[in-house]
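**Student:** Could you build the full structure based on these sequences and the hints that come with them?
Chains as they are written, first to last, in my numbering: chain F, 1 to 325; chain X, 326 to 575; chain C, 576 to 851; chain G, 852 to 1275.
A portion of the hints provided could be inaccurate.
[Claimed, not checked] Straight line, CA to CA, 30 angstroms or less: simulated DSSO-like cross-link-like pairs of lysine-lysine: (1) Lys329/X x Lys221/F; (2) Lys254/F x Lys329/X; (3) Lys175/F x Lys5/F; (4) Lys494/X x Lys1185/G; (5) Lys33/F x Lys1026/G; (6) Lys136/F x Lys29/F; (7) Lys482/X x Lys399/X; (8) Lys978/G x Lys329/X; (9) Lys494/X x Lys84/F; (10) Lys503/X x Lys1180/G; (11) Lys713/C x Lys640/C; (12) Lys558/X x Lys931/G; (13) Lys713/C x Lys750/C; (14) Lys503/X x Lys201/F; (15) Lys791/C x Lys69/F.
Just so you know, the hints here were simulated from the structure itself, not pulled from any lab data.
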Amino acid sequence: MKFLKLKKDQIEDFFDSIHSFGIVYAPVKSDGKISFRRAQNFSDVSLEYTRSQIPPKHVILPMEEPILKFREEEYFEVVDDENKVLLGVHHCDIIAFKMLDEVYLQPPKDIYYHERIKRTLIIGLSCIPDNYCFCKATNSFYTSDGFDIFLHDCGDFYFVRVATPRGLKVTENSKNLFEKVDEKDMELFVKAEKERFERVKGKNLWMIGDLIELRDENFWKIFSERCLNCGNCTLVCPTCQCFEVYDELEEDLKSGNRFRRWDSCMLRAHGLVADGHNFRERTEERLRNRLSCKLGEMRCVGCGRCTVYCPTGIDILEIVRALKE
Amino acid sequence: MKPKIGILGFTGCAGCQLMILNLEDELLDIFKRIKLVSFQMASSEMKDEKLDIAFVEGSITTEEQKKELEKIRKKSKILVAIGNCATLGGVQALSNGIKSSREMMKEVYGGEFWRLMDSKPLSEFVEVDFELFGCPIEKQEFLEMIRFLLRGFIPLKRDYPVCLECKLKDNECILLEKRICLGPLTVAGCGARCPSLGLECLGCRGVIEGEARLESAIKIFEDAGVSAEDVKKIFRIFSANYPDILEVKS
Amino acid sequence: MENEFLPRRVRIEETKMMTSLEKWFKLDAQLDFKPGQFLEISVAGAGEAPISICSWNGVEICVRKVGRVSSALHQREKGDFIGIRGPYGNGFPMKEIEGEKLILVAGGLGMAPLRSVLQYVLKNRKKYGEVTFFYGIKCLEMMLFRDELLKLMEEENVNLHIAYEIEDEEIRNLKKRFPERFHKGMVTTLFEKVKVNTESFVVVCGPPIMYKFVLKKMEELGFYKERIYMTLERRMKCGTGKCRHCVVGIGSSSKLICRDGPVFSAIDAELIRELV
Amino acid sequence: MRLKINPLTRVEGHGGIYVEIKGKEVKDIRFEIYEGSRFFESIIKGFKYPIVPDIMRRICAICTASHSMASIRALEDALKVDISEQTELLRDLLIHGEMIESHALHVYVLSLPDYLGFPSIVEMAEKHPKEVKGALQLKKAGNMVHVALSGREVHGMNERVGGFSKIPDERELQKILEEMKKVREFAVLAVEIFSTFDIPEFPKSENLMVAVEPEEAFGYYGNRISNSENDRWEVHKYREKLKERVVEYSRAKHVFYDERPFMVGALSRISLFGNRLRGEARELYRENEDKIDESNSLTINLAQAIELVHCVERCIELLETLISREVEKEGLPKIETFESHGIACVEAPRGTLIHSYKLDEEGRVVEADVITPTAMNAANIEKDLRISALRLMEDEELERKLQLIPRAYDPCISCATHLIVKRS
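**Tutor:** Here is the structure:
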């Protein structure tokens, strides 16, 4: 790892310099809400944010995309080879990408995810946790890989960590913006990280997987009573990988596109099979399956989105507390 | 041999027939592939032939319409109910049950001039093969369905709530602002048109059959400070023929 | 970079309606696969569906008309093209079963993947001990690969027994032709009517309810759990272990049917909740 | 001799004509309406004001924005809500957009086939590709305005009591402006086409013209209604002037102006306020003034064609003003509710449309009344049918020609039959 220092008043020049590495996607504030969008100029970007509603995952795994074109039964790939820069990704979202890598890059490799993540320069950014965050419990508070460059906000400068050759090329490319790191900078960096650590709730999640399996239907009924089967909790989750595939026909009825779109295990079609049988018919079964997938198989990064954006106020930490009673 | 298509309508505002005419770019291409046997709003040629596909809009409110619908069913291989009127009874179904249409007519027209009954969807009287929801229907969905049908495939059915499309557009959830949005109960397909404009979903595409969580919804809306009576009134605008939401609660 | 989602275009060599619901296809494709593996069959415009390979010599599939893709498939005739991906899934452990006795238990459409096992065993007949085949059907009209199986009955190479629910004229004649081979009742009753060796390996495929009864019956008779294998390919979508529609079980013991299966042993059924 | 034309095609909704002729005399003449009544004024009772336009606009698909505007302005009149200048401009743009879409549909798709001898636009497309392409482009431009301002071509939702929920940005308005400029020629083409036809004269008879008086230039908003005999009155007094009578054979009540049939629609607007037109629409009006004959209802199509040119020009003007003014994101105002009564009118494509609501202190509808242009025209249509049947007694094409009359009025039968009003 290489350590550098970037003064805050240099951040705009740094932002302009990274455009040469690809299309820049960054957290943009639009009517009070943060979302990862293409950002041309620095004025649109807001680097002080707690969480974006839709995780940066959508830049690498678009919510809905055509994966194949077909004419009669002849199929052609539709692959995105655009170079991208993902600026302002928090620790938890970077670790979420590492979890997605374990799924999509494992043979048989998903080339759509592979081609995009390969061409994306990831620049991490320290976060401002609130009391919905529980990344301490899911061991996703701090990461030392999964990114090219990491900017830690230490007041009037960014403490910069460079982890990959590509990251190094970026810093070399705009050498004049960076300075050597001295003892004092390092202390400020550690102090900032300590403060960030205090702001996150502690919660231990040992034994959760078995507890989820041990609790019976009635337990899950209590927590799924308010659930509206709307799927929001999974659609905002950075580690959710489920997708649905469907075809669309064009005018000549012979050619068309095969689409892939985000799917949710909280919706009916997820467990539905051709002859009408549904393996997760009732809402409590779906909630239990979601908890099992996230906390049972340690595929949660504690970002709190599923609780913040649940319209009926179902709180994942409340369920964890009840599980451990 | 070109499939014979009929586009017919009963009680309603003919908005769904108009939406088909609003497919300005694709309209002529579709009509080239089919033989338009009857399209009352757009063509004076009304032949009473056998149909391969009948798109029927509007709800049934009179005996004559019921007989006419049964005639259409007999002469059509595939019958598609298009629009909220045809699939759920339309806004006019708001008068169902509360005051029988005969009473209302006496009270307002001063006499019973023609036999009227509660506004019912087509599925109340005949077997409906496919359905296009919404008030009015979505142009894209009609286009998608007619292409699947012309190719001989079973059309794609959207079996998930409006919320999925709303989140795909990165909208802020209106329910979080304690306003009654029927999105989670309503069949998707409109691309969350109203929430994307900052407005509550009125459920014009009808309830997701057997999946919508009505009891939970009432609880949530009551916590948001809205009386069950008001919830029912809004719910009935487009789903009056759906079993009474308040009974569901008990 | 090989795209796992890109189907290969193959021609349909032959088709035949086996019953009113099931259609058989012979595909012009060269694949090396193991019995019990499945393909993702693709009809452009309708979508994709996982369908098991029902043969060992050549690539054949048997499709029940039940959903969007299968209905579209039923319209395809000889000479048309469809797309295929795969083969996917672990398939049956044919190597492990070598030298042992084998019982195949099929119910309804479950016959398709087991026919692949049957053809493999017949091709390498010397490697396997006594082979018994229990096939449960509703009525004769619903029996798959009827002529092929009746020919097998004559050859006495495999002791094949049919359990049927509805008796009709034809079945009575067959009973005369093949005494002791046609039995009224559920497929589980065959275990009592026919002498079976509880040391043998068992391979099972059929509708979900069937597994419970068959497993219970075999437990009573003292079969070894680790020698009983079942294929559960009814609940998959992408076939490549990514879309998680086929997840089973809870927490650390949860599995993906398309990647970790579709063949599971009776031991797995103990550990994975609701596997069966 | 009895003649029954049912159903009336290329018309919105289910209607028919019934003619009974004995010897030389027309015994009975009826413009029949079979549409199922939907009792809108009864089902709207008890709803709070914000949702009322969303329900009332479902009365009709083609004039959905007119119903929504009339309903919104009636509620604003009741609750004394004043609206920003930007909202006024956007609303003017919306009503003009709807006029384009509705007139393009009626002139090109529903009426032109009659004059060129085709059953529908589909068959017409082979021989007259230019006209059909023009029709669809014009309708598309009108619909673009609908989608941008109201959220959807039919039954939008974005225009609310007090303003608009989401305001379209300049980029969207710019796109519509370009489209409008492109379709201008097709509007002018409509005038050329209809001015060349020699329009039959069989329905020629004296018509009482009624329309909403626009504020200054030719337009569709206003609070006063005037007629061709210089009788002008505030819309609040509509109950005194317009009376309704239930007609046994029709499910829509016929409306009479002091016991006399009257005409509303494009021909009335042009003949009453044509002199307030501007730009190319004004010139075309001057050129064709002789062809626009107040007493011949079949010249309505020509009047609609001229209005098409006016609407395209007015949309261009409004779009340019809005873009130059830079659109601001105005929220919706906070509205206090109190017991009140509000009445408003707007010129819908087919003519004057009036909405009136009585609200209780919580802003819930206690009583509602809607009078639609088709119901207003119903009596006049029958007058024309009676005169034409007399004149065309021996004509073998009686059936085809009679159908031209209701079609010319561009009736919206679903609107007419929504109509139920307490018998006054």
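**Student:** Decide, hint by hint, whether the structure agrees.
**Tutor:** Evaluated hints:
For the hint linking Lys329/X to Lys221/F, the alpha-carbon distance of about 51 angstroms lies beyond 30 angstroms, and the restraint is violated. Of the supplied pair hints, the one linking Lys254/F and Lys329/X holds, its CA atoms being roughly 20 angstroms apart against a limit of 30 angstroms. Under the criterion of a C-alpha separation no larger than 30 angstroms, the hint pairing Lys175/F with Lys5/F is consistent with the structure, at around 11 angstroms. For the hint pairing Lys494/X with Lys1185/G, the CA-to-CA distance comes to about 28 angstroms; that is within 30 angstroms, so the pair holds.
Taking the CA atoms of Lys33/F and Lys1026/G, the gap is near 27 angstroms; set against the 30 angstroms cutoff, the hint holds. A hinted pair counts as satisfied when its Cα atoms are at most 30 angstroms apart, and Lys136/F with Lys29/F qualifies at roughly 27 angstroms. Straight-line distance between C-alpha atoms of Lys482/X and Lys399/X comes to about 25 angstroms, which keeps the hinted pair within the 30 angstroms bound. With a CA separation close to 22 angstroms, the supplied pair Lys978/G and Lys329/X stays within the 30 angstroms bound.
A threshold of 30 angstroms between alpha carbons decides the hint, and for Lys494/X with Lys84/F the separation of about 21 angstroms falls inside it, so the pair holds. Between Lys503/X and Lys1180/G, the direct Cα distance comes to roughly 23 angstroms. Compliance with the 30 angstroms bound is thereby established for this hinted pair. Between Lys713/C and Lys640/C, the direct Cα distance comes to roughly 17 angstroms. Compliance with the 30 angstroms bound is thereby established for this hinted pair. A hinted pair counts as satisfied when its Cα atoms are at most 30 angstroms apart, and Lys558/X with Lys931/G qualifies at roughly 26 angstroms.
Proximity of Lys713/C to Lys750/C is assessed by CA-CA distance (about 16 angstroms); at most 30 angstroms being required, the pair is judged to hold. Distance restraint check for Lys503/X and Lys201/F: the Cα-Cα separation of roughly 27 angstroms lies within the 30 angstroms cut-off, and the hinted pair is therefore satisfied. The hinted pair formed by Lys791/C and Lys69/F fails the criterion: a straight-line CA distance of about 48 angstroms is larger than 30 angstroms.
Consistency with the previously given hints fails for numbers 1 and 15, ordered from lowest to highest.
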